[in-house]
Amino acid sequence: MLSRVADSLYWMSRYFERANHSARVLEANYNLMLNPSKLSTEERWHRIMASLGIAVAAGGIDPQSAMIKLTSDTGYESSIASCIAESRENAGQVREQISSEMWESLNSLYHQVTQASAKLEADSDPMRLVAAVRAGSYQFNGITDATMNHGEGWQFIQLGKYMERSCALPVLLDAYFSRAGEADSLDWVGLLASCAAFESYCRVYTADLKPDSMAEFLLLNPEFPYSVRYAVERLGAAIAAISQTSFTRATGRIERIAGRLRSSLAYVQISDIMIGGVHRYLNDVIEQCNSLHAAVHVVYIDYPIQSALEA
Amino acid sequence: MAPAAIPRRTAPGVLDVRNMTMPAQSARPMPAPFDAYEIGAAYDEMFRSAGRPRPHYKHLYTQLLNRPSEELYRSKQEADLSFFNQGITFTVYGRAEGTEQIFPHDLLPRIITGSEWAVIERGLTQRITALNLFLADIYHERRILKDRIIPGEIIYTCKHFRRQMQGVRVPRNVYISVAGTDLIRLPDGRFVVLEDNLRVPSGVSYMLTSRKVMKQIFPTLFRKCGVRPIEQYSQALLSTLRSLAPQGRPTIVLLTPGNYNSAYFEHAFLARQMGIELVEGRDLVVHDNMVYMRTTLGLQRVDVIYRRVDDDFVDPLAFRADSTLGVAGLFNAYRAGNVVLANALGSGVADDKAIYSYVPKIIRYYLGEDPIVDNVETLLMTDRVQRDEVCGNLEKYVVKAVGESGGYGMLIGPHSSGEQRSQFRDKILADPRNYIAQPTLTLSAAPCFMDGRIEPRHIDLRPYVLFGEKITMVPGGLTRVALRKGSLVVNSSQGGGSKDTWVLEN
Chain F
155 MLSRVADSLY WMSRYFERAN HSARVLEANY NLMLNPSKLS TEERWHRIMA SLGIAVAAGG
215 IDPQSAMIKL TSDTGYESSI ASCIAESREN AGQVREQISS EMWESLNSLY HQVTQASAKL
275 EADSDPMRLV AAVRAGSYQF NGITDATMNH GEGWQFIQLG KYMERSCALP VLLDAYFSRA
335 GEADSLDWVG LLASCAAFES YCRVYTADLK PDSMAEFLLL NPEFPYSVRY AVERLGAAIA
395 AISQTSFTRA TGRIERIAGR LRSSLAYVQI SDIMIGGVHR YLNDVIEQCN SLHAAVHVVY
455 IDYPIQSALE A
Chain S
754 MAPAAIPRRT APGVLDVRNM TMPAQSARPM PAPFDAYEIG AAYDEMFRSA GRPRPHYKHL
814 YTQLLNRPSE ELYRSKQEAD LSFFNQGITF TVYGRAEGTE QIFPHDLLPR IITGSEWAVI
874 ERGLTQRITA LNLFLADIYH ERRILKDRII PGEIIYTCKH FRRQMQGVRV PRNVYISVAG
934 TDLIRLPDGR FVVLEDNLRV PSGVSYMLTS RKVMKQIFPT LFRKCGVRPI EQYSQALLST
994 LRSLAPQGRP TIVLLTPGNY NSAYFEHAFL ARQMGIELVE GRDLVVHDNM VYMRTTLGLQ
1054 RVDVIYRRVD DDFVDPLAFR ADSTLGVAGL FNAYRAGNVV LANALGSGVA DDKAIYSYVP
1114 KIIRYYLGED PIVDNVETLL MTDRVQRDEV CGNLEKYVVK AVGESGGYGM LIGPHSSGEQ
1174 RSQFRDKILA DPRNYIAQPT LTLSAAPCFM DGRIEPRHID LRPYVLFGEK ITMVPGGLTR
1234 VALRKGSLVV NSSQGGGSKD TWVLEN
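These protein sequence lines map, in sequence, to chains F and S.
Per our numbering, residue 155 is the first one in the first sequence, and the count goes up by one each step.
Per our numbering, residue 754 is the first one in the second sequence, and the count goes up by one each step.
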């Protein structure tokens, strides 16, 4: 497969997952903000920003404009609308490589989002855009699995999706667990809802919202799709599948990083993490994901010509 | 200036509007759905006269008489939907993003008899053979210039002439691997060449997809008429490209400018049909004069590039430095013989519209034969007598810029305003080498399904010629239609559409 094609599929998928993640976080918080809390609106918005890894200067955040910025502002690169547009742009570059159903689904979601964006500044129900993205994302993921060959291209799509998830979840968790003392039960519900995890969590731990249990569930549960461990497992599986199709490449470094990350999450106990500090552990996960991304890029996409000629 | 001074080598029958007489019209009314069908001065593809179809159109005629127009409507919708679902769309620029329209397509086939096709096939084979010899000659010995058949300055002033190609050997001496020559039919029924497209001719994907749709819509008609197949085009193109490569199993790729190019659909379509990789300039790298593509498996050597990028853009180091579509170093790899480009660089000099007027001489010079398919009479603006004639009578002529295609840089005299004419007169006088003029010709007309009724519209024909080990043509081509009533412009950017082209067995 052409490197450019692999790269476009990867980024199509990453941006798509990013939009999806933002939509989930915003929807969960928007609903909770309707309830009173001991935190001020401003403090809550600071946490939303932190959950999404967006740096803001200390001081005032205007909720109305913040919401527009995060959802429909196409001039802002991390808005949902921008992420969907980027995802579609990448898909358009490799339209003949994905199924036409995938293109149609993504394209129609893009049009829904741009239409909703155009209206948003006038009246305001930002949740309509957010809900469209959530529904659209489940549809797109389903169509992708059902209509595309599960070959190398599909694996790069998986790689993008789970790479993004493996990076975004630790950021979200860190925003809550680094200041666990301040959070009340509503905030914890918000965290679980941000991962679409409330029902699944209750099935394992009952509705007893203990920070340690939640950390264990969202970090280490092997079966829940929005846990860090699950995302890293799938990431590792995609990497293994890709390196199998391209056995000629020197993939040792990639497999080493992925293997270390996988086994760290598989064998660690939540009590160890809590003692060592959640923040440090989460940061380590993010760093390893970043080096994995860089390693994949240098082996499959943008490798130096000289190294490839010697191989 | 006396018009008698104009050289007229064109055979009788090449009528221009000045002395065209209207043939007597039969008063016989035509049956529905032909009741609005008027047979004009143009050669009518279907009718000899009102109500009397030509023999090879009889099956279609009968079928149309028996089909209620609602059924034709349904067929038309079915065809349009099929085009849409296959993604045979082009992007309309300047509107909201993602606005896609299907390429306009007319429901009724254009039919050519086997014997008419035989003449076209022989004529174009002869023409492309001669033009290819001409290219090989002007980039090497230049005998044709030394023998004073063509003035050297007309070559050296051609903007598609590539000095860099002098002395460069190309595989099998084939410069023109894919040609699309535009033919029109004159009122006397003869096909003549309007222009050659020898750089990166497009449109073949419409020919192939339209055939697929037509088979779904007119299955019985296909059986009755005995239509020759064209589906083998992609394999023929692949064999052509393969024949230019060194022995073994060459890696062949299609180089596209990218998904913003209006012909991107065709590039993706052909790559898929041939099972070759669709690459952009940024996918290729040149190292040690070898071309590679970047794949997830590492660098893979590329042997043949079917390039759908113009000469100017293929290599920023050799040609236009601002090109981002090409590959740095590609020309050196090409010159070293390590990669094949099809078509060869510099082939555009042979489709320059001023050189076009010399093609009959070129054919006689290299092959010692008379042209089988004629040219249209062409006046060179570099010749003072011809220039004065044209500048004095601009309303009678079509003036074209020599290096343009796609209907750009053109003046259609009879449909022009005084202001446009005076602008063109200034342009011609400022740069005579850049313009040629041709008498306004009436293109033949064929029946089209227009909004419930069948009406004649003007058409042309672009058959495709493939040249590798030998010359091959699939029997058919792209028939373009000027869908606007009375219009002679068939370009898709200006209200043109296409028709399926049927070449019959007999």
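Treat the hints as calculated values from the structure; they're not laboratory data.
If you're wondering where the values come from, they're calculated on a predicted model, not measured in any experiment.
Ideal placement from N, C-alpha and C gives every residue a C-beta, glycine not left out.
Fair warning: there could be bad hints in the mix.
[As the list claims (entries may be wrong)] Residues on chain S that point at chain F, a partial pick, calculated with CB under 8 angstroms:
(1) L898
(2) D900
(3) I902
(4) E906
(5) A989
(6) N1012
(7) S1015
(8) I1029
(9) R1035
(10) D1036
(11) V1038
(12) M1046
(13) R1047
(14) T1048
(15) L1052
(16) R1054
[What the hints assert, rightly or not] A partial selection of chain F residues facing chain S, derived with a Cβ cut-off under 7 angstroms:
(17) Y184
(18) G246
(19) H451
Results of checking the hints against the structure:
1. L898: This hint is violated: S:L898 lies away from chain F, its Cβ roughly 43 angstroms from the closest one there, beyond 8 angstroms.
2. D900: 48 angstroms, violated
3. I902: Since chain F brings no Cβ nearer than about 46 angstroms to S:I902, farther than 8 angstroms, the hint is violated.
4. E906: Violated, because the Cβ-Cβ distance from S:E906 to chain F comes to roughly 44 angstroms (cut-off 8 angstroms).
5. A989: 22 angstroms, violated
6. N1012: Nearest chain F Cβ about 6 angstroms off; hint holds.
7. S1015: 15 angstroms, violated
8. I1029: 12 angstroms, violated
9. R1035: Status holds, d = 6 angstroms.
10. D1036: 5 angstroms, holds
11. V1038: 6 angstroms, holds
12. M1046: Holds - the Cβ of S:M1046 comes within 8 angstroms of chain F, reaching about 6 angstroms at its closest.
13. R1047: 4 angstroms, holds
14. T1048: Holds: closest Cβ of chain F sits about 6 angstroms from S:T1048, inside 8 angstroms.
15. L1052: 4 angstroms, holds
16. R1054: 10 angstroms, violated
17. Y184: 29 angstroms, violated
18. G246: Holds. Min distance 6 angstroms.
19. H451: 11 angstroms, violated
Checked against the numbered hints given earlier, this structure breaks hints 1, 2, 3, 4, 5, 7, 8, 16, 17, 19; the rest are met.
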